[in-house]
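Participant: If you read the protein sequences in the order shown, they are chains H and R. Its first residue numbered 1, the first sequence is counted upward by one per residue in the numbering used here. Its first residue numbered 90, the second sequence is counted upward by one per residue in the numbering used here.
Since the hints were derived computationally from the structure, they do not count as laboratory data. There could be a bad hint or two in this list.
What follows is a list of derived Cβ distance ranges for each label pair [stated by the list, open to error]:
#	chain 1	residue 1	chain 2	residue 2	range
1	H	Val-53	R	Ile-179	38 to 44 Å
2	H	Ile-36	R	Asn-117	42 to 48 Å
3	R	Glu-138	H	Val-53	15 to 21 Å
4	H	Ile-26	R	Asp-253	47 to 53 Å
5	R	Ile-99	H	Lys-62	25 to 31 Å
6	R	Phe-166	H	Phe-73	22 to 28 Å
7	R	Ile-245	H	Ile-51	30 to 36 Å
8	R	Gly-177	H	Ile-51	43 to 49 Å
9	R	Tyr-284	H	Phe-73	43 to 49 Å
10	H	Phe-41	R	Asn-117	32 to 38 Å
11	H	Gln-65	R	Gln-98	24 to 30 Å
12	H	Leu-69	R	Thr-228	24 to 30 Å
13	H	Leu-69	R	Gly-133	24 to 30 Å
With a Cα cut of at most 27 Å, we get these calculated DSS-like pairs of lysine-lysine [claimed, not checked]:
#	chain 1	residue 1	chain 2	residue 2
14	R	Lys-134	H	Lys-62
15	R	Lys-290	R	Lys-101
16	R	Lys-101	R	Lys-127
17	R	Lys-136	H	Lys-62
18	H	Lys-62	R	Lys-203
19	R	Lys-127	H	Lys-62
20	R	Lys-243	R	Lys-108
21	R	Lys-169	H	Lys-28
22	R	Lys-136	R	Lys-105
23	R	Lys-102	R	Lys-134
24	R	Lys-292	R	Lys-102
25	R	Lys-136	R	Lys-290
26	R	Lys-108	R	Lys-127
27	R	Lys-108	R	Lys-290
28	R	Lys-108	R	Lys-134
Part of the chain H face toward chain R, derived, beta carbon under 10 Å [as the list claims (entries may be wrong)]:
#	residue
29	Leu-24
30	Gly-70
31	Thr-75
32	Ile-87
It should be emphasised that the depicted structure is a prediction, and the values quoted were computed from it without experimental measurement. The beta carbon of each residue, even a glycine, is placed where N, CA and C say it ideally should be.
Residue strings, one per chain:
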Amino acid sequence: MNDANRFLDKLNIQQVGVFSVDLLNILKIPLFFFLIGNILFALLLFLRVRILVDTFNAAENKMIQAIVLGYIFLTIIGSLLAVLFLILS
Amino acid sequence: MAKKESPNQIPKKFRKLNKSFLDHLQENNSSSFMSFPKGLTFLGKEKEESVILIVRTHWIMYLPHMLAAFFSLVLPFLFKMVIPELSGNISLFIVFFILSGMIFMTISVFTIIKWYFNVNIITDQRVVDLDFTSVLSHTSSEARLERIEDVTHKQIGLLGSIFDIGTVYIQTAGAKSEIEFDNIPRPREVQDILYDLLESKQKGEI
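Build the full structure now, drawing on both the sequences and the hints.
Facilitator: As structure tokens, then:
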């Protein structure tokens, strides 16, 4: 009798699911939008700086342009990494 | 940003002027208050025009931005406390960590750019006010010295008293009548510099 019960317990019993939503999966959607928004912001900032550098030309402009380029580069790398981990999670 | 620098040499054409504004320009400079900057040009600058002073908003006004940037670094840990499921999902926690780093970087870079391009320029011909408001807009206003009618400065609040910060209002003739140098260091001195320049301009000394 016990053997039979143990066997029955091991059977994969499929639960007829009530509609359930995982909170973590819902969180992923705004994260994707945030990543896209951040890349867009970085590109707009780069374009604005390109215009302003022509308007106001000082010795430090090259440093500012380098900061913006580094920012875009890091934003893209960070976004790709974030997407990779989002898919893995 | 607040690093003190020795002032640049006064060009020959200003040395002969017997005006008090030259004393202000010879005092300690910083990146927010720089006299006779070398190699600086701007759109529309004439060949013989000399840049006398560039002033930017005092760095202390950007302190809330920097605090917000540092606060963003704490966000993943706050999320971890609010959403306990996050502790079991290392990958998602890393995503939050990367995102908070990106928010930190975005606020920091935007603040630096905003500080750098919110610049006010005083030359021997005109004043220029360049305002970087957002990534989608910027404003540039200028007024020739002969069109300036009145210069006022306003210093209010605790920060204004502690750090000697204020706003200089430049009233000009015409429909668009005012140029503002917002929250700049040493506003009284900027006002004096402008008055002396206007006087010299009227006398034809510059």
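Participant: Take the hints in turn and mark each one as holding or not.
Facilitator: Going down the list of hints, with the structure as the test:
1. With their beta carbons about 42 Å apart, H/Val-53 and R/Ile-179 fall inside the hinted range of 38 to 44 Å.
2. Distance hint for H/Ile-36 and R/Asn-117: a CB-CB separation of about 46 Å, consistent with the stated range 42 to 48 Å.
3. R/Glu-138 and H/Val-53 have their C-beta atoms about 20 Å apart, which keeps the hinted 15 to 21 Å range intact.
4. Checking the proposed 47 to 53 Å range against H/Ile-26 and R/Asp-253 shows it holds: the Cβ atoms sit about 51 Å from each other.
5. Distance hint for R/Ile-99 and H/Lys-62: a CB-CB separation of about 27 Å, consistent with the stated range 25 to 31 Å.
6. The hinted range of 22 to 28 Å is satisfied by R/Phe-166 and H/Phe-73, whose Cβ atoms lie roughly 27 Å apart.
7. Hint check: R/Ile-245 to H/Ile-51, Cβ distance near 33 Å, so the stated range 30 to 36 Å holds.
8. Judged by the Cβ atoms, the range 43 to 49 Å given for R/Gly-177 and H/Ile-51 holds: they are separated by roughly 47 Å.
9. At about 47 Å, the beta-carbon gap between R/Tyr-284 and H/Phe-73 stays in the expected band of 43 to 49 Å.
10. Separation of H/Phe-41 from R/Asn-117 is about 37 Å and conforms to the stated range, judged on CB atoms against 32 to 38 Å.
11. Against the hinted window of 24 to 30 Å, the Cβ-Cβ separation of H/Gln-65 and R/Gln-98 comes to about 28 Å, which satisfies the hint.
12. A hinted range of 24 to 30 Å for the beta carbons of H/Leu-69 and R/Thr-228 is consistent with their spacing of about 25 Å.
13. The beta-carbon spacing between H/Leu-69 and R/Gly-133, approximately 27 Å, falls within the hinted interval of 24 to 30 Å.
14. As the CA atoms of R/Lys-134 and H/Lys-62 are separated by approximately 20 Å, the hinted pair is consistent with the 27 Å bound.
15. The suggested pairing of R/Lys-290 with R/Lys-101 holds, with an alpha-carbon distance near 16 Å, which does not exceed 27 Å.
16. With a C-alpha separation of about 14 Å, the suggested pair R/Lys-101 and R/Lys-127 falls inside the 27 Å cut-off, and the hint holds.
17. Among the hinted pairs, R/Lys-136 with H/Lys-62 is consistent with the structure: their alpha-carbon atoms are about 23 Å apart, no more than 27 Å.
18. Using a Cα cut-off of 27 Å, the hinted pair H/Lys-62 and R/Lys-203 holds, with the two alpha carbons roughly 16 Å apart.
19. Note on R/Lys-127 and H/Lys-62: the hinted pairing holds, with a Cα-Cα distance of about 15 Å set against a maximum of 27 Å.
20. At most 27 Å may separate the alpha-carbon atoms for a hinted pair to count; R/Lys-243 and R/Lys-108 meet this at roughly 23 Å.
21. Simply put, R/Lys-169 and H/Lys-28 have alpha-carbon atoms about 15 Å apart, close enough for the 27 Å limit, and the pair holds.
22. Under the criterion of a C-alpha separation no larger than 27 Å, the hint pairing R/Lys-136 with R/Lys-105 is consistent with the structure, at around 21 Å.
23. For a cut-off of 27 Å, the pair hint linking R/Lys-102 to R/Lys-134 stands: about 18 Å separates their Cα positions.
24. Only pairs whose Cα atoms come within 27 Å are accepted, and R/Lys-292 paired with R/Lys-102 is accepted, the gap being roughly 15 Å.
25. A distance of roughly 18 Å separates the Cα atoms of R/Lys-136 and R/Lys-290; the hinted pair therefore holds under the 27 Å criterion.
26. Restraint check for R/Lys-108 and R/Lys-127: satisfied, since their Cα atoms lie roughly 22 Å apart, inside the 27 Å limit.
27. Taking the CA atoms of R/Lys-108 and R/Lys-290, the gap is near 12 Å; set against the 27 Å cutoff, the hint holds.
28. For the hint pairing R/Lys-108 with R/Lys-134, the CA-to-CA distance comes to about 24 Å; that is within 27 Å, so the pair holds.
29. Taking 10 Å as the C-beta contact cut-off toward chain R, the hint placing H/Leu-24 at the interface holds, the least distance being around 6 Å.
30. Here the hint on H/Gly-70 is kept, as its CB sits about 9 Å from the closest CB of chain R, short of 10 Å.
31. For H/Thr-75, the interface hint holds, since its Cβ comes within 10 Å of a Cβ in chain R; the closest pair sits about 6 Å apart.
32. Satisfaction of the interface hint for H/Ile-87 is found here, the shortest Cβ-Cβ separation to chain R being roughly 9 Å, below the 10 Å cut-off.
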